[in-house]
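Protein chains: 2
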Amino acid sequence: MKQSQLFTKAGKEAPKEEKSINAQLLMRAGFVDKLMAGVYTYLPLGFRVLKKIENIIREEMNDIGGQEVLMPALHPKENWQKTNRWQYEEMFKLKSRAGKDFSLGWTHEEIITPLVKKFVRSYKDLPFSVYQIQDKFRDELRSKSGLLRGVEFAMKDLYSFHSDEADLGRYYEKVKKSYFKIFARCGLKKETFLTLASGGSFSQYSHEFQTVTPFGEDEIYLCPKCKIAVNKEIIEKEKHQCPQCQNKKLEIKKAIEVGNIFKLKEKFSQPFNLTFVDAKGKSKPVQMGCYGIGLGRLMGAVVEIWHDKKGIIWPKAVAPFDVHLLSLGEGKEIKNAAKKIYQDYRQEEKIEVLYDDRAGVTAGEKFAEADLIGIPLRAVVSARTLKEEAVEIKKRNEEKVKLVKIKNLKREILKLLNE
Amino acid sequence: MKQSQLFTKAGKEAPKEEKSINAQLLMRAGFVDKLMAGVYTYLPLGFRVLKKIENIIREEMNDIGGQEVLMPALHPKENWQKTNRWQYEEMFKLKSRAGKDFSLGWTHEEIITPLVKKFVRSYKDLPFSVYQIQDKFRDELRSKSGLLRGVEFAMKDLYSFHSDEADLGRYYEKVKKSYFKIFARCGLKKETFLTLASGGSFSQYSHEFQTVTPFGEDEIYLCPKCKIAVNKEIIEKEKHQCPQCQNKKLEIKKAIEVGNIFKLKEKFSQPFNLTFVDAKGKSKPVQMGCYGIGLGRLMGAVVEIWHDKKGIIWPKAVAPFDVHLLSLGEGKEIKNAAKKIYQDYRQEEKIEVLYDDRAGVTAGEKFAEADLIGIPLRAVVSARTLKEEAVEIKKRNEEKVKLVKIKNLKREILKLLNE
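Line by line, the protein sequences give chains A and B. Residues in the first sequence are numbered consecutively from 5, following the working numbering. Residues in the second sequence are numbered consecutively from 5, following the working numbering.
So that you can see chain A by itself, here it is in the shape it has in the complex (with noise of 0.2 Å):
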C-alpha cells in the first residue's frame, strides 16, 4: 500500500487520560482511534493486524476441530434468566420499542447450550467443539488500559461438548497446547505462563494464560523452575507455594491475562437441560468446556512487551506489513526505483509492503514515522543508495543498517524475514 493513500497519519499525540503503552502507541502510529473510553476504531493498519491475529487464531481452532459460526451480540432475557445471571452488573441491558428485554453479550453460555441442545441426542453425536470471533460488550467502569480492557472487544470463544469428564479433560488438555501456540505464534512465547485460577463454584481450578510485563493489571506467582504461575485469587489457598513443585521461592510478577479456559462440567447443561443418551440408554447431562481469548486485548499484550522508546516492535506474523519501503528525496530517478520495487513486491504474495512515497516529507520524518509503525523490516532507497545499485535494509529491532543490491533484494528479505 502507498502511505500516501492512507487516509490515517502517524505522529498524533494520544489523548492525555491515555496512560497505558499499548493505547499511546497505537493512536500514535495510527492503528486505532479511540471513540470512548474503553470503545477504539481499528484503523486501516491496526485492521490488518486485528486480521492476522484473527487468522493466527482460526487457524489453530480449527487444527483442534473447532467449527465456526457467528451468534448474535443481542441476547433475549429468558436466556440469562435460566442461569441467574440477568442481574450480572456489568452486563449492558436494553429494551426494544416494543418493551422486549435484551442484553449485549459478554459470553455465550447462555446462546450456545440451548442451540447445542437442538442437534445433540446421543453419545454418537459427541464429542465436538463449537467457535465464533466475535464482538462483546462488558460495562467496565473504569477502561483505563487501551486496549487491555475493552467495553467492546472482539473475542475468540469456543465451547466444547463431551459425553464424560476424562473426555472433557483430554479436548482441555488439547485447547492448552492450543493457546501457547497461538501466543507463541504472535510473539508471546516466552513471556506467556499457565497460570492456576480459581474455578469459580464448578470446578476446582481454571486457567489463565498470562503475559508477564510491567504494566500488566494482574500480579502472579510465577515459579521460575516449573515456569507455571499462581494468581491472587487462590494463592493464599495453595499456601503460597508452586502446585507442582512446592518450591516457596515463587517470584511476584505483573502481568496480563491473555487466556482463559474452563472446565464447566454440567454448569450449563443443568439449567438448559442439555443432555444425550449414553451407549446403555441412559441420558446424562453434556460436560462443556468454554475457552476465551481477546484480540484486542491480544495486540494490546503483543505491543506492552515488543516495543521501545521509538515506537511498537511487530513480531512478522502479525505485523500490518513486512517491509516498510521509504524514498529519500524528490529526484526522478529516485521515485522510480522505489516505485519498481514497490511494483515488483505488490506481485509477490509473501512480502506485503507499505510503500512511503509521500512527497514533502523529511527523511528524519519518515524514519521517526517507520519506528513508530514498527514494521519488521525498513528499506530506503536514496541518492545514495542507488549510486551502489542498492537499497538499504534494517531490522526494526536492530541498530546495524546494511546495504543489498537490488538485484538480490527478495532473497534477502525473504531470508531476512524468516530469521
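Any given hint might turn out to be false.
The list that follows gives simulated cross-link-like pairs (lysine to any residue, SDA-like), each with its CA atoms no further than 20 Å apart [to be verified]:
1. 86/A <-> 39/B
2. 140/B <-> 14/A
3. 122/B <-> 376/A
4. 16/B <-> 95/A
5. 128/B <-> 14/A
6. 81/A <-> 16/B
7. 104/B <-> 40/A
8. 6/B <-> 69/A
9. 81/B <-> 144/A
10. 97/A <-> 98/B
11. 99/B <-> 110/A
12. 122/A <-> 21/B
Pairwise CB distance ranges, derived in the manner of DEER restraints [unchecked claim]:
13. 169/B <-> 422/A: 24 to 32 Å
14. 93/A <-> 335/B: 53 to 61 Å
15. 288/B <-> 23/A: 44 to 52 Å
16. 369/A <-> 62/B: 42 to 50 Å
17. 369/B <-> 283/A: 33 to 41 Å
18. 23/A <-> 365/B: 55 to 63 Å
19. 16/A <-> 248/B: 41 to 49 Å
Hints were generated in silico from the structure; no laboratory data involved. All C-beta atoms, glycine included, are put in the ideal place defined by N, C-alpha and C.
Keeping the supplied structure of chain A fixed, place chain B upon it in accordance with the hints.
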C-alpha cells in the same frame, strides 16, 4: 469437511412463524438458527456462505480503493445529537452503569465523519474512501422476512470523501459498477436492477439495487427497455414513466433491496465541520457519499432466487462447498474409495468438499439432504459406480447424472464448476 462431524443437522423443520422462503430453507438445511425475531446465529454451513459473500465484497471494495477499518457498534449520544438523529426511533438506546447514554449503530456517518476530520486538512488529503464489514442493530417492529430484515445484521458500509461534487459523482459511478459486479458474482446479475429512490433532504435521488423476486418486500417500476427502475416513493414524482426513455409501460415487480448508494454531499460534513483547505487556501466542506450492502440480506436474496421445491441451489461463488460427496452403502470398499477421494481433495484448494460419510443414513435421506443443502455438484460413490471405477456426478441445477471415471474425476469436476 466430514458431515458426520458437523454438529448441526439438516432436515429440521423451521418454526411455524417463519413464512419467508429464505428463512425456511436456511433453517431447515442447517445454515442458520433463529435466536429471536430478526436475530440469527450463522451455523457452520451458513458461516461459510457469509464469509464467501464477505470476501467477494472485500475484494471489490479494495478494487475501488476502499480502506478497510472496523468501527464500534456502541456509540456515544453526543455524536447523534450533533446530527439531530438521536431520536431516530429504530435506534436501540442504552445506559451504562455510570449513567452514560449510548446507542447501537445502525449506520456510521456519525462516527466516520468526526474520525476522518482528525486526518483531513488540505485538498491533497482527498479523495479517499473507507469501509467496514460490521454488525448493525435496528429496532424493527416486524421482522418476518428471515435474513431480509434483521434486528442485528452484518453490513458493509463504505464512505467516500471528496473535494467537490464532480469528484463525488465520478466515484459514485465507480461504486455503481462495483455493486453490479458484487451482485453478479453472488449470482444475482439477471435479477438486479438499478432503481431510483428518494434522496432525502440532501440530494435529489439516491439509488437502490433491487433484486426482483415474487417474495420481495418492495415494489419497483421497471422499464423493460432501459433495465432501470423507479421505486414506489418517487414514482408519482417521475410521472409513472422511465426517467431515461420516458417509456410509460413500466412493469410493477416485487423486489428485495440488496444495496443502496447515497450522495450525502455536505449533510454530515456540516454538523461535524469536516472541511479542507483548497488549492487557493479557501476552507470548504468535504463532499461525502455512502454506500451500503447488507450481507445477510444478500444471502437471503440469493436463496429467494436460487431454490426449488427440494431446497437451495447455491451459485458456486457463494456455496458453502463445491462438491457434496456421498458414500452410499456400508461396504468397506465403498467407504475406502469415498474416503480416498475426500482426502485427495482436501489437499486441493480449488475444490472444497463436504463428505457425507454418515453410517446408518439411507440413500434416500442423503439425496434429499444434498438437495436441501444445495451444493453445486453432487458426487456419489456406491457399489454400482465402483463396478465401473467411477463416481456418479450431478449438478444441483440439472436432472441428468453422469458416470465419471475416478481417474478423470478432478478434471471433470473443475470443468463442471467453471461452466
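Each hint, compared with the structure:
1. 86/A <-> 39/B: holds (15 Å)
2. 140/B <-> 14/A: Outside the cut-off at roughly 29 Å; violated.
3. 122/B <-> 376/A: Roughly 19 Å between the alpha carbons, so the hint for residue 122/B and residue 376/A holds.
4. 16/B <-> 95/A: Violated - the C-alpha atoms of residue 95/A and residue 16/B are around 33 Å apart, more than 20 Å.
5. 128/B <-> 14/A: Given that 20 Å is the threshold and the Cα spacing comes to 16 Å, the pair holds.
6. 81/A <-> 16/B: Answer violated: residue 81/A to residue 16/B is near 25 Å, above 20 Å.
7. 104/B <-> 40/A: With a Cα-Cα distance of about 11 Å, the restraint between residue 104/B and residue 40/A holds, given a limit of 20 Å.
8. 6/B <-> 69/A: Answer holds: residue 6/B to residue 69/A is near 11 Å, not above 20 Å.
9. 81/B <-> 144/A: holds (18 Å)
10. 97/A <-> 98/B: holds (7 Å)
11. 99/B <-> 110/A: Satisfied, since the Cα-Cα distance of roughly 16 Å is no more than 20 Å.
12. 122/A <-> 21/B: holds (18 Å)
13. 169/B <-> 422/A: 24 to 32 Å: violated (50 Å)
14. 93/A <-> 335/B: 53 to 61 Å: holds (60 Å)
15. 288/B <-> 23/A: 44 to 52 Å: violated (38 Å)
16. 369/A <-> 62/B: 42 to 50 Å: violated (32 Å)
17. 369/B <-> 283/A: 33 to 41 Å: At 23 Å between Cβs, range violated.
18. 23/A <-> 365/B: 55 to 63 Å: At 60 Å between Cβs, range holds.
19. 16/A <-> 248/B: 41 to 49 Å: holds (47 Å)
Hint compliance for this structure: hints 2, 4, 6, 13, 15, 16, 17 are broken, all remaining hints hold.
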